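Trainee: What follows is each chain in one-letter form.
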Amino acid sequence: MSFAMELDMLVFVATVVAIKFYVKKKGMRLKAMIIAVPVNNAKVDTNVADVFARASQIAFYDTETKQLQFLPNPAAAAVSGAGMQAVQFVIDQKADALIAVRCGSNAVKVLNKAQITIYEATADSLERNLELLEAKQLEPLTHICPSRDEVVQ
Amino acid sequence: MKVAVLSGKGGTGKTLTAVNLTALCGRAVYVDCDAEAPNGELFFRAPVVKKLAVEVPLPQIDLQKCTNCRACTKFCRFNALVYTKNGIMLFAEQCHACGGCTLVCPVQAISEVTKKVGSIEIGRLGESSTITGKLKIGEPSSGPILKRINELLATSEAPVFIDCPPGADCSVMESVDAADFCLLVAEPTIFGLHNLQMVVQLLRVLKKPFAVLVNKAEAEKRLIDDYCQAEQIALVGHIPFSKELARINGNSELAITKTAYREIFTTIYHELERQVQANA
Chain A
1 MSFAMELDML VFVATVVAIK FYVKKKGMRL KAMIIAVPVN NAKVDTNVAD
51 VFARASQIAF YDTETKQLQF LPNPAAAAVS GAGMQAVQFV IDQKADALIA
101 VRCGSNAVKV LNKAQITIYE ATADSLERNL ELLEAKQLEP LTHICPSRDE
151 VVQ
Chain B
1001 MKVAVLSGKG GTGKTLTAVN LTALCGRAVY VDCDAEAPNG ELFFRAPVVK
1051 KLAVEVPLPQ IDLQKCTNCR ACTKFCRFNA LVYTKNGIML FAEQCHACGG
1101 CTLVCPVQAI SEVTKKVGSI EIGRLGESST ITGKLKIGEP SSGPILKRIN
1151 ELLATSEAPV FIDCPPGADC SVMESVDAAD FCLLVAEPTI FGLHNLQMVV
1201 QLLRVLKKPF AVLVNKAEAE KRLIDDYCQA EQIALVGHIP FSKELARING
1251 NSELAITKTA YREIFTTIYH ELERQVQANA
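As they're listed, the protein sequences go chains A and B.
Residues 1 to 153 (my numbering) make up the first sequence, in order.
Residues 1001 to 1280 (my numbering) make up the second sequence, in order.
Source of the hints: derived by calculation from the structure; they are not laboratory data.
Because the structure is a prediction, the values reported are computed rather than measured.
Keep in mind that a hint or two might mislead.
Claimed, not checked - Partial list, derived from the structure: chain B residues whose beta carbon lies under 7 Å from chain A:
1) Val1082
2) Asn1086
3) Met1089
4) Gln1094
Claimed, not checked - DSS-like mimics (lysine-lysine), calculated; alpha carbons at most 30 Å apart, straight line:
5) A:Lys136 with A:Lys66
6) A:Lys94 with B:Lys1085
7) B:Lys1134 with B:Lys1050
8) B:Lys1085 with A:Lys66
9) A:Lys113 with B:Lys1065
10) B:Lys1134 with B:Lys1116
11) A:Lys109 with B:Lys1051
12) A:Lys66 with A:Lys113
13) A:Lys109 with B:Lys1074
14) A:Lys109 with B:Lys1208
15) B:Lys1134 with B:Lys1147
16) A:Lys94 with B:Lys1074
17) B:Lys1065 with A:Lys94
18) B:Lys1147 with B:Lys1208
19) B:Lys1009 with B:Lys1243
20) A:Lys113 with B:Lys1115
21) B:Lys1074 with A:Lys136
22) B:Lys1115 with B:Lys1136
23) B:Lys1136 with B:Lys1147
24) A:Lys109 with B:Lys1065
25) B:Lys1134 with B:Lys1009
26) A:Lys113 with B:Lys1050
27) B:Lys1208 with B:Lys1074
28) A:Lys113 with A:Lys94
29) B:Lys1065 with B:Lys1116
30) B:Lys1115 with B:Lys1147
31) A:Lys136 with A:Lys94
32) A:Lys43 with A:Lys94
33) A:Lys113 with B:Lys1074
34) A:Lys109 with B:Lys1116
35) A:Lys113 with A:Lys136
36) A:Lys113 with B:Lys1085
37) A:Lys109 with B:Lys1085
38) B:Lys1051 with B:Lys1115
39) A:Lys109 with A:Lys136
40) B:Lys1116 with B:Lys1050
Using N, Cα and C, we set each Cβ at its ideal position, and we do this for glycine too.
Please work from the sequences and hints to get the whole structure.
Mentor: This is the structure:
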């Protein structure tokens, strides 16, 4: 076996390893997601809240570590601009997706800009919606409420 | 004297009271602070002699200069600015035009543009004038218009009657700002009493002297009278419940053109004047 052949072999093996590693990492990165869900309380069996901005808690679920964390929604009792504050909170928690019953159009604009996908909740419970999302059975949100500006126009 | 006429509950007779007291004075200023739905001008039909545009500053973000440091989004307590990794977004309808974001931006990426939120129309009729705040349709807050009206009122020497918006919110607080006395119109119903109490609470916080006027008064309905007595609040009079008066007012006509109502409003005016002087 010549030195050149050995080098070829080495390059080949290295390339294969690199590709495998890249694919694995890329695959993992695509799969790992933080899903935000506005919910009624901080219990595992809670339901998805009807109104995103005024939900008492927001659940954050990490699809990779399977960890579920509940954080109090800072916008729950905001005097005004609750929608924007809740959206900002979800962005700051580095969510990749949001599951909601409905959403205001201003919130949708920000979430789109922040590249956070919004899914429409089809079940009542938090757990069931997370299962459905992981099984790719949730559709993008269609229940978008117009903002005050849009109502006037 | 500068008297703000307010009520808490809508439809109790703020405009009825304010327009008729103004008309009774001969030389006075009627101010419509109900900028969302001004209707006092309909009673005077005063030709508009001046129209002022009311504008507010609105931030404009230069995304080329913006470093996404979030100083502005953290500063804005109305959540008008939202941070995303792809740039700051502005929601103009949340903005209260305080100018704070422009000040806190460390790289001067925020400049201000102006946005028209409404206008103020000044009408003149003989020695009296009307000042009408008009909020542009779709704008959420009449605050900037009312602030501007207060500036105009600062120099007025003629008696002023300020027709306030209903409720007990920010726009009402802004409307009573220039007033040295408040007249609370209330109807003798449970709802009327409840909302009167809200306004009383507000004026006590603002430390404004006030008195109550009962509208749609009926002899057996003493709800407001009893409350005023218990709370030691001065009563300046009663406007009796009358379908005829409702019809006149509904047609945007001044009630004081009829002798019977002129007498009622004259009595109210004198009692009001007495109260204003007692509290001066």
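Trainee: State for each hint whether it applies.
Mentor: Verification of the hints:
1. Satisfaction of the interface hint for Val1082 of chain B is found here, the shortest Cβ-Cβ separation to chain A being roughly 5 Å, below the 7 Å cut-off.
2. Hint on Asn1086 of chain B holds. Least Cβ distance to chain A is approximately 5 Å, under the 7 Å limit.
3. Hint status for Met1089 of chain B: holds, given a least beta-carbon distance of 6 Å to chain A, under 7 Å.
4. Nearest Cβ of chain A to the Cβ of Gln1094 of chain B: about 5 Å, under the 7 Å cut. The hint holds.
5. Among the hinted pairs, Lys136 of chain A with Lys66 of chain A is consistent with the structure: their alpha-carbon atoms are about 16 Å apart, no more than 30 Å.
6. Among the hinted pairs, Lys94 of chain A with Lys1085 of chain B is consistent with the structure: their alpha-carbon atoms are about 10 Å apart, no more than 30 Å.
7. Between Lys1134 of chain B and Lys1050 of chain B, the direct Cα distance comes to roughly 13 Å. Compliance with the 30 Å bound is thereby established for this hinted pair.
8. In summary, the hint linking Lys1085 of chain B to Lys66 of chain A is supported, as the alpha carbons are separated by about 25 Å, within the 30 Å threshold.
9. Note on Lys113 of chain A and Lys1065 of chain B: the hinted pairing holds, with a Cα-Cα distance of about 19 Å set against a maximum of 30 Å.
10. Taking the CA atoms of Lys1134 of chain B and Lys1116 of chain B, the gap is about 11 Å. The hint holds against a cut of 30 Å.
11. Restraint check for Lys109 of chain A and Lys1051 of chain B: not satisfied, since their Cα atoms lie roughly 37 Å apart, outside the 30 Å limit.
12. Of the supplied pair hints, the one linking Lys66 of chain A and Lys113 of chain A holds, its CA atoms being roughly 27 Å apart against a limit of 30 Å.
13. With a CA separation close to 20 Å, the supplied pair Lys109 of chain A and Lys1074 of chain B stays within the 30 Å bound.
14. Only pairs whose Cα atoms come within 30 Å are accepted, and Lys109 of chain A paired with Lys1208 of chain B is rejected, the gap being roughly 44 Å.
15. Distance check on the hinted pair: Lys1134 of chain B and Lys1147 of chain B sit about 13 Å apart at the alpha-carbon level, within 30 Å; holds.
16. In summary, the hint linking Lys94 of chain A to Lys1074 of chain B is supported, as the alpha carbons are separated by about 17 Å, within the 30 Å threshold.
17. At most 30 Å may separate the alpha-carbon atoms for a hinted pair to count; Lys1065 of chain B and Lys94 of chain A meet this at roughly 24 Å.
18. Among the hinted pairs, Lys1147 of chain B with Lys1208 of chain B is consistent with the structure: their alpha-carbon atoms are about 18 Å apart, no more than 30 Å.
19. Between Lys1009 of chain B and Lys1243 of chain B the alpha-carbon distance is near 20 Å, which keeps this suggested pair within the 30 Å criterion.
20. Taken as a hint, the Lys113 of chain A and Lys1115 of chain B pair is honoured in the structure, with Cα atoms around 25 Å apart against an allowance of 30 Å.
21. Straight-line distance between C-alpha atoms of Lys1074 of chain B and Lys136 of chain A comes to about 36 Å, which puts the hinted pair past the 30 Å bound.
22. Note on Lys1115 of chain B and Lys1136 of chain B: the hinted pairing holds, with a Cα-Cα distance of about 11 Å set against a maximum of 30 Å.
23. With a CA separation close to 16 Å, the supplied pair Lys1136 of chain B and Lys1147 of chain B stays within the 30 Å bound.
24. This hinted pair checks out: Lys109 of chain A and Lys1065 of chain B have alpha carbons roughly 22 Å apart, not beyond 30 Å.
25. Taking the CA atoms of Lys1134 of chain B and Lys1009 of chain B, the gap is about 21 Å. The hint holds against a cut of 30 Å.
26. For the given pair, Lys113 of chain A sits about 44 Å from Lys1050 of chain B by alpha-carbon distance, which is inconsistent with the 30 Å threshold.
27. The hinted pair formed by Lys1208 of chain B and Lys1074 of chain B fails the criterion: a straight-line CA distance of about 35 Å is larger than 30 Å.
28. At most 30 Å may separate the alpha-carbon atoms for a hinted pair to count; Lys113 of chain A and Lys94 of chain A meet this at roughly 14 Å.
29. With a C-alpha separation of about 27 Å, the suggested pairing of Lys1065 of chain B with Lys1116 of chain B holds against the 30 Å cut-off.
30. Only pairs whose Cα atoms come within 30 Å are accepted, and Lys1115 of chain B paired with Lys1147 of chain B is accepted, the gap being roughly 16 Å.
31. In summary, the hint linking Lys136 of chain A to Lys94 of chain A is supported, as the alpha carbons are separated by about 21 Å, within the 30 Å threshold.
32. A hinted pair counts as satisfied when its Cα atoms are at most 30 Å apart, and Lys43 of chain A with Lys94 of chain A qualifies at roughly 22 Å.
33. Annotation: proposed proximity of Lys113 of chain A to Lys1074 of chain B holds, straight-line Cα distance about 19 Å (limit 30 Å).
34. The straight-line distance between the Cα atoms of Lys109 of chain A and Lys1116 of chain B is roughly 24 Å, inside the 30 Å bound, and the hint therefore holds.
35. For the hint linking Lys113 of chain A to Lys136 of chain A, the alpha-carbon distance of about 23 Å falls within 30 Å, and the restraint holds.
36. At most 30 Å may separate the alpha-carbon atoms for a hinted pair to count; Lys113 of chain A and Lys1085 of chain B meet this at roughly 8 Å.
37. Distance check on the hinted pair: Lys109 of chain A and Lys1085 of chain B sit about 14 Å apart at the alpha-carbon level, within 30 Å; holds.
38. Among the hinted pairs, Lys1051 of chain B with Lys1115 of chain B is consistent with the structure: their alpha-carbon atoms are about 17 Å apart, no more than 30 Å.
39. Distance hint between Lys109 of chain A and Lys136 of chain A is fulfilled; the C-alpha atoms sit about 23 Å from each other, no more than 30 Å.
40. In summary, the hint linking Lys1116 of chain B to Lys1050 of chain B is supported, as the alpha carbons are separated by about 17 Å, within the 30 Å threshold.
When each numbered hint is compared with the structure, violations occur for hints 11, 14, 21, 26, 27.
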